[in-house]
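Got chain S; can you put chain L on it based on the hints?
Keeping their order, the protein sequence lines are chains S and L. The working numbering puts the first residue of the first sequence at 1, with every later residue one more than the last. The working numbering puts the first residue of the second sequence at 1, with every later residue one more than the last.
Check before you lean on any hint, since a few could be wrong.
[Claimed, not checked] Pairs of lysine-lysine residues, derived as PhoX-like cross-links and limited to a Cα-Cα distance of at most 25 Å, are as follows: (1) S:K341 with L:K145; (2) S:K184 with L:K46; (3) S:K191 with L:K96; (4) L:K200 with S:K184; (5) S:K3 with S:K35; (6) S:K191 with L:K31; (7) S:K381 with L:K136; (8) L:K200 with L:K244; (9) S:K341 with S:K381; (10) L:K200 with S:K374; (11) L:K74 with L:K9.
None of these hints come from the bench; they were simulated from the model.
In case you want the letters, here they are:
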Amino acid sequence: MSKKLLLEKAHVEGIRFYDVYRREGGYNSVEKTLKTLSPEAVVEEVKKSGLRGRGGAGFPTGMKWSFIAKPEGVPRHLVCNADESEPGTFKDRYLMEFLPHLLIEGLIVSSYALGSNDTYIYIRGEYAWIVDILEQAIEEAKANGWLGKNILGSSFNCNIHVQRGAGAYICGEETALIESLEGKRGNPRIKPPFPAIKGLWERPTVVNNVETLAAIVPIINMGGEEYAKIGVGRSTGTKLISACGNINKPGVYEIDMTISVEEFIYSEEYCGGIANGKKLKACIPGGSSVPILPANLLLKTAKGETRYMNYESLSDGGFATGSMMGSGGFIVLDEDQCVVKHTYTLARFYHHESCGQCSPCREGTIWLDKLLYKLEHGQGKLSDIDLLWDVQRRIEGNTICPLGDAAAWPVAAAIRHFRDEFEWHVNNPQESQIKNFGLAHYADAIQPITV
Amino acid sequence: MAEGTPLLKVTIDNITVQVPAGTTILNAARKIGGDVAPPAMCYYSKLEGSGGKCRTCLVEVSKGSEKDPRPMPKLVASCRTTVMDGMEVKNITSSKVIDARQGVVEFLLINHPLDCPICDQAGECDLQDLSYSHGKEASRYEFEKRIFHKIDLGDKIQLHMTRCILCYRCVFAAEQLTEQREHGVLDRGEHAQIATYIEKNLQHDFIGNVIDVCPVGALTDKTFRFKNRVWFTKPVDAHRNCTKCCGEVRLWMRGDEVFRVTARRDEWGEVKEASNGKTGWICNECRFDKKQVNDWVIEGPTHINRHSVISQGHYETLQKPQEFLPDLMHREPRLIMDIHDVSEVNRTNIDLSEIKGPAHSTDFNK
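Chain S with its partners taken away, still in its complex shape (with noise of 0.2 Å):
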């Protein structure tokens, strides 16, 4: 059983509530940062644990604080990334559903440390009916002193407003997030300049996911050295997973990061193994953009070690036999699974949702999509595949934002990995429409395990 910080408490009942969340020990840690903490030493405490960005990057939070630009008489920013619209991860939902107090707590304490006094909490706009949640938090923490102005006696003001998306994938990128937050379209702008130093409204701002806030709050009831001892290496504390896929029991886990992942697909603690008895093809460790790993990758590395889930042993090898921790949507691939139906469906998801902003990720996210189409359905040449790399390859680093890479990654990874798939569906173009290609070489020696 690993050790759990966020998820402690999720099954209190009534902890939506702030009552039942102020019983059990909520909100001590804005108290302890009120009454004893300067900002800058919540910046140290929070550099010290090696908090690294849970939205997908995996940046180190501590230091991505110490970048905020400071000039005088200029309000700073803390802007929350509520906007998680990767397919395969869930988990800032599940936070926020069930501890939006949580939050708003990492929320204090992190505008605390910045010194927002007004901060956003950007959500995307599927999530209607998580806002009236988030806004009843708001309220009750408001009521309780716990925002507004002079909260706990101290001088320190600060307000959260949440602002609700509209539904694209490209907000969740924080430069267009600001756009959007401003009532722009939601274009990613030109770095540099950075939001630390002009974010929203030419203010510096900081943007941090849901559950990196989240995780501010043991970090400061533990203090941060403390939490530092939880994990391995680099990747320090919990991590929230978002199982789904052929498993037994998708859902949101914590996890402390020093489990495998063969323990965390077949144990019964967390997702139970794959589904109908069926065998692991294929896996997606950290959300859609990241790249598919064949089985065998998926639970050794290309040097024969046993694969853990942390930022570090996911992507070991590099992409050319690893992966990325990303967000944590951990999607997961049975024998029965299509690669290229699956690849070919999350083409014409980046396709949707590009901004249409630079020409290599208008143009080329459409010709993955058309390519694929193509190729799923039996109608693709050999040349094809080839093509599909060179596209990928070119529009991959030359894009304004990350979704670029995000389109680009998961169809070099199919071809990578499953190129004997790809050229099966060509070969076969009847058969591949009725039945699929089914395990390769490898995944067979994989057995299921009991952990």
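Below, chain L without anything else, positioned relative to chain S:
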């Protein structure tokens, strides 16, 4: 830039140049000129905020600066990246850059109709130039191209969205030259389009400049549409007293007839500053309504050194592409036309740029 600001040294393709702080890599490269300057489809130095979108100006930064010599991990958009002291940039010397740029050109062309033969922009089109310099001879895109309906922007400006490459220049131009922008980008992804939302005429006095900033034939001048090919017309500089704008324009004439009026452009295809130091944007009245020679005081023929098709008017110095068709077909192709066979205007022995004064019909009939 304040006086005495130290100059920064930046090396682009092994040529070192000194520029003030805050200069972008693209502008530093333009200072060197020639092939070193990366092509730019969306960047327009006179429009604030433009650039960064088309990705044709990507360059490799092989050394960040003197202080931090690490190379930048990705190719960067040179139009939006400022130089640092001691920076080393690779443009045409980097195979990565050339490859990426070819990719961008391919992307830009997959949905472009390539209707140059009936496009008014042909001959002075940035995309045409770019495809000649960085494009492939054939497209690998075998799907149907995206098609938009034409949008009516009034009696002076034609918007042909299918040709658009979404550089956003016209949006910035309308934003910065007029009091109220009435058109913008609608929808997203491949559906993104320049539009007025509910079709309406663009009426502002300076809105005609969107035609000049458009790098392709998406926005064209209705008063010139289908009247002539740009390379058959001779550019001359002219001016008039205009109360609204600088009044300094370029007339595109054939014989005594003024076919088109545009703002004066510099060698990068951007509107030149006026002689009084003010902006060179021209008003709609000068652009659309003054089509008589006697409206203008003609200064003399224009020397254009970038858009070769227009400026040359003669093609003997042009290096023709190698003819491989006879080798492949084992016979002479039936139809390879020399422009001089088709055009009765541009004779090989006439250099239009060297004629003193405005071109007259007698010049062409010599």
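Hints and how they fare:
no., hint, verdict
1, S:K341 with L:K145, "24 Å, holds"
2, S:K184 with L:K46, "23 Å, holds"
3, S:K191 with L:K96, "21 Å, holds"
4, L:K200 with S:K184, "22 Å, holds"
5, S:K3 with S:K35, "28 Å, violated"
6, S:K191 with L:K31, "24 Å, holds"
7, S:K381 with L:K136, "21 Å, holds"
8, L:K200 with L:K244, "24 Å, holds"
9, S:K341 with S:K381, "16 Å, holds"
10, L:K200 with S:K374, "40 Å, violated"
11, L:K74 with L:K9, "22 Å, holds"
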